[in-house]
Structure formats: structure tokens, C-alpha cells
Amino acid sequence: MGDIVNLEAFTRQRMSDPYGVLADLKRREDELVARLEKLILGRPSRRADYIAAHAQEWVAQGAQIQATRERAGVSRTALARVLGVSAARIARLEMGLPVRDARLLRAAVIMYLEKHV
Numbered sequence: 000m001g002d003i004v005n006l007e008a009f010t011r012q013r014m015s016d017p018y019g020v021l022a023d024l025k026r027r028e029d030e031l032v033a034r035l036e037k038l039i040l041g042r043p044s045r046r047a048d049y050i051a052a053h054a055q056e057w058v059a060q061g062a063q064i065q066a067t068r069e070r071a072g073v074s075r076t077a078l079a080r081v082l083g084v085s086a087a088r089i090a091r092l093e094m095g096l097p098v099r100d101a102r103l104l105r106a107a108v109i110m111y112l113e114k115h116v
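Yeah, the sequence shown ends on 116 if you go by numbering that gives the first Met the number 0, and it's all consecutive.
Derived from the structure by calculation, the hints contain no laboratory data. Glycine included, C-beta positions come from ideal geometry on N, C-alpha and C. Possibly wrong hints are sitting among the right ones.
[Unchecked claim] Derived CB-CB ranges, DEER-like:
1) ASP23 <-> HIS53: 13 to 21 Å
2) SER85 <-> GLN55: 22 to 30 Å
3) ASP48 <-> MET110: 27 to 35 Å
4) ASP48 <-> ARG102: 16 to 24 Å
5) TYR49 <-> ARG27: 28 to 36 Å
6) ASP48 <-> TYR111: 17 to 25 Å
7) ALA66 <-> GLY41: 18 to 26 Å
8) GLY41 <-> VAL81: 41 to 49 Å
9) ARG70 <-> LEU38: 42 to 50 Å
10) SER44 <-> GLU69: 16 to 24 Å
11) LEU103 <-> ALA77: 16 to 24 Å
Build out the structure end to end from the sequences listed, making use of the hints.
See the structure below:
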């Protein structure tokens with residue numbers, strides 16, 4: 000019975016923050032891929048090394064972008080629509096997860112938000 004209660008609490012918590020769920024799943028996927036690459040190659044991949052080296056920087060930048068977006072009163076969905084990307088991609092950027100063309104996306108987000116703050 001205790002497991003059911005814990006599962007219900009876990010589900011409620013996760014459903015209240017769907018982007019957090021996606022971020023957790025992506026982090027786990029990245030960890031598993033890194034482990035497999037290490038097993039296959041005998042060492043961490045360059046991608047895993049790169050992610051590990053930049054993770055803290057990306058988290059700080061993402062938090063700053065999220066704070067700026069929220070101050071501007073712009074939703075992730077609206078920002079994504081204007082920039083032609085998915086809201087999930089904006090969420091990943093804000094959470095400091097690896098994002099394709101992150102520098103370009105970060106610059107576009109900042110330029111847009113500067114006009115709306």
C-alpha cells in the first residue's frame with residue numbers, strides 16, 4: 000500500500016511540472032548513452048566529456064534566460080512560436096540541457112526578450 004501512495008505522490012509531482020519530467024528523462028537517457036559509449040569505447044565519448052565540462056555553465060545561462068523570460072511576461076510557448084522552435088526546446092535550454100545550435104538559439108532568445116523587458 001505504501002508503494003501506491005508513493006507512486007501517486009510521485010505522479011502528482013511530475014504532472015505538475017511536465018518539463019521537469021522531460022528534463023529528467025533526457026538526463027537519464029544521456030547518462031545511459033554515456034555509459035554505453037564508455038563500455039563500447041573503453042572511455043567516455045567526446046560528447047559526454049563536452050557535456051560534463053559545460054553542464055554548470057549551461058544551467059546558469061538557462062536559469063538567467065528563464066528569469067528574463069518570466070520578467071518579460073512571455074510564455075515558453077509564445078517564445079517558441081516566435082522563434083520557430085518547440086516549447087520543449089526552450090525548456091531544455093532553460094534547464095541547461097544540451098540543445099542543438101544552443102548558442103544561436105540562446106542569442107535569438109536574448110535578442111527577442113531584450114525588446115520585451
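Cross-check of the supplied hints:
1. ASP23 <-> HIS53: 13 to 21 Å: 19 Å, holds
2. SER85 <-> GLN55: 22 to 30 Å: 25 Å, holds
3. ASP48 <-> MET110: 27 to 35 Å: 31 Å, holds
4. ASP48 <-> ARG102: 16 to 24 Å: Since the Cβ atoms of ASP48 and ARG102 sit about 18 Å apart, the hinted range of 16 to 24 Å holds.
5. TYR49 <-> ARG27: 28 to 36 Å: 18 Å, violated
6. ASP48 <-> TYR111: 17 to 25 Å: Violated, since ASP48 and TYR111 (Cβ atoms, about 32 Å apart) do not stay within the stated range.
7. ALA66 <-> GLY41: 18 to 26 Å: 42 Å, violated
8. GLY41 <-> VAL81: 41 to 49 Å: About 45 Å separates the Cβ atoms of GLY41 and VAL81, which means 41 to 49 Å holds.
9. ARG70 <-> LEU38: 42 to 50 Å: 45 Å, holds
10. SER44 <-> GLU69: 16 to 24 Å: Check failed, 35 Å falls outside 16 to 24 Å.
11. LEU103 <-> ALA77: 16 to 24 Å: 19 Å, holds
In this structure, the earlier hints numbered 5, 6, 7 and 10 are contradicted, and the remaining ones agree with it.
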